[in-house]
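Asker: Below, each chain spelled out in residue letters.
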Amino acid sequence: MIKIENLHKSYKMGSNSLHVLKGINFSVEEGELVAIMGSSGSGKSTLLNILGMLDGLDEGSYILDGVPIKDLNETKAANYRNKFLGFIFQSFNLINYKNAMENVALPLYYQKVGRKERQDKALKYLEQVGLKDWATHLPSELSGGQKQRVAIARAMAAEPKVLLADEPTGALDSTTSYEVMDLIQKINDEGNTILVVTHEPDIADMCKRIVHLKDGVIVEDKKVKQVRASQYV
Amino acid sequence: MFDRDIWQEIFYSIKNNKLRTFLTGFSVGWGIFILVMLLASVNGMTNGFYSQFNDDATNSIFIRPGTTSKAYAGFEKDRRIQLRNDDVEYIKKSFPKDYEHISARMFKGTSARYKAETGSYSVQAVDPDHQIIEKTIVTNGRYINTNDNISAAKVAVIGRKVAEDLFKDEDPIGKFVEFNDLPFRVIGIFTDEGDDNAERRIYAPVSTYQKIYGNTDEIDGIALTYNSSYDLTKSLEFSGRLETILKRRHSIAPEDQSGIRIWNYAEAFSDISSFTTVLRVIGIFVGILILIAGIVGIGNIMVFIIKERTKEIGIRKALGAVPGQIIKLVLLESVFITALSGFIGLLIATGILALVGPSIQSPAFTNPSVSPSIVITATVILVFSGMLAGLIPAMKAANIKPIVALRDDK
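Protein chains in written order, with my numbering: chain A, 1 to 233; chain B, 1 to 410.
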């Protein structure tokens, strides 16, 4: 599903250049649930941003679902993002003047899905995350966990190949975190490919595979026995 | 453009930011308001100027004899030039294609009496064509006709004021009024848009007056209108030819300015036209400057809006919005705000003009108003300026990298 070879990325910080990713080789099969771990500054978010086409790469190759991702202009990147990827952010990033359903329907709008179908689909995914009754509520009327579930429904709505979660539980307390992870696990159980960036070991243990990043290189890549989040809920 | 969702987005954005929208719109609405008012004022001045002239046909030429200032062709200087009936015939024959209406004119004063009422008035003895040249409006009865002139009938067309003075409440038509003790039958009453003094005038057939004044063929002047299809250049060229030929006929030196005077309305008119054109250009120029200030204001606020919505735009891009869609969103919002607020400004301005305009009737400033073409132009300017104001912020918004936008809050 994802294949990355010899990935390099550096940022210019004034006159200095900061080499963030120093040759990453990494691949993800369909249906995997991968945790990308690392301390702050290890390059894990940068890796996720490149995977999410929110940022370009300097060197190396990136193939997503058989499509080489290169020479992206903004329009092309947007189309790929819309087609291939669903994002879950730490700070939820819901649009605050749109209600839950409209937020979920937004990626479908950019897929040029018709209005009625958009609403139906949005409601379907809201139901899947258990928030159908909250469809007409604004984000400000939802709790953190609910917001993240709306965000997950939104990421799912476009039916992407890969879900990318950047510290999905970073802004949540542990109980809510487990609820969200439970939801992510369930989505993965249905065969969806999910990448989770986290620095919390207990969250990482709920994935099926852990990739450790340190100073821009992968130091460890191991399969783990998944801890089901449902037992904590 | 007519995508329901994009409009919903715009209304959301406007609804949630009322003050911001108001401030944005105000600058453009104000700009349009001032532009319209300015152009209307220019129109008012133009109307004022033209109303000073519109009691005569604008294509008229007046010929009056004078006294020569140069000795020429054996004649001494200070010779008085006398126009006669055959001068009129001569012009008719010489310029059949150039003139439309022509009339001899005699200027006399008279004391008029009807029953106990008396008054002194100026009499213009004229030909029937004179009605068109002077744009005389006959409200009752009729004007002098060809038969009156052939038979040298003692008939008169009197001004409204004359009728009021002499006849009070009586209907003057058909009554006899004495001019210098000679009875004249009143055949018509006229009004004049020019001024009240013109309505203290009396028209009579020129042949009648020539008969009264000793069977003469002398006249005091000639009034004519030239072919109305002539533009300024052609009309000036025609009055030039007229002058040359009349000077030759009366043996006046070609460079002698005082022997015969030819006064072409087009000349005075063109001066005023160019004056009002300059005024209009200044009006438009100042108005556009004000509009530019408004547009810059909108652009300014749009930049701010984009800054505020950076994160939202980042989210949209992460969800698959292409730059074109972002540009469309921002641009449509700015066009919508500009157009709406501009229309409000336009509406208020035209409303005020419609209410107040017609009641303003001073000589220099009459009925300030705007034509539909100004309204259409303003509308086009509005939509265009909205685009312009939104364009740079929109492109800026479209180029925000989603990563930068999303990092914003961290």
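If you are wondering where the hints come from, they were derived from the structure by calculation, not from laboratory data.
Where hints are given, some of them may not hold.
[Claimed, not checked] Covered stretches of chain A, going by a simulated chain B footprint (3 or more residues, C-beta under 8 Å):
id : segment
1  : 42-54
2  : 59-67
3  : 95-106
4  : 187-194
[Stated by the list, open to error] FRET-style restraints, in silico, Cβ to Cβ:
id : chain 1 : residue 1 : chain 2 : residue 2 : range
5  : A       : Val219    : B       : Leu391    : 44 to 52 Å
6  : B       : Tyr50     : A       : Asn96     : 54 to 62 Å
7  : B       : Gly324    : A       : Leu138    : 25 to 33 Å
8  : A       : Lys222    : B       : Val296    : 57 to 65 Å
9  : B       : Val296    : A       : Tyr11     : 45 to 53 Å
Think of the CB as a built atom: it goes at the ideal place given N, C-alpha and C, for glycine as much as any other residue.
Asker: Now tell me if each hint is right for this structure.
Answerer: Consistency of the hints with the structure:
no.: 1; hint: 42-54; verdict: holds (count 3)
no.: 2; hint: 59-67; verdict: violated (count 0)
no.: 3; hint: 95-106; verdict: holds (count 4)
no.: 4; hint: 187-194; verdict: violated (count 0)
no.: 5; hint: Val219/A - Leu391/B: 44 to 52 Å; verdict: holds, 49 Å
no.: 6; hint: Tyr50/B - Asn96/A: 54 to 62 Å; verdict: holds, 60 Å
no.: 7; hint: Gly324/B - Leu138/A: 25 to 33 Å; verdict: holds, 28 Å
no.: 8; hint: Lys222/A - Val296/B: 57 to 65 Å; verdict: holds, 60 Å
no.: 9; hint: Val296/B - Tyr11/A: 45 to 53 Å; verdict: violated, 35 Å
Going through the hint list in order, the structure does not satisfy hints 2, 4 and 9.
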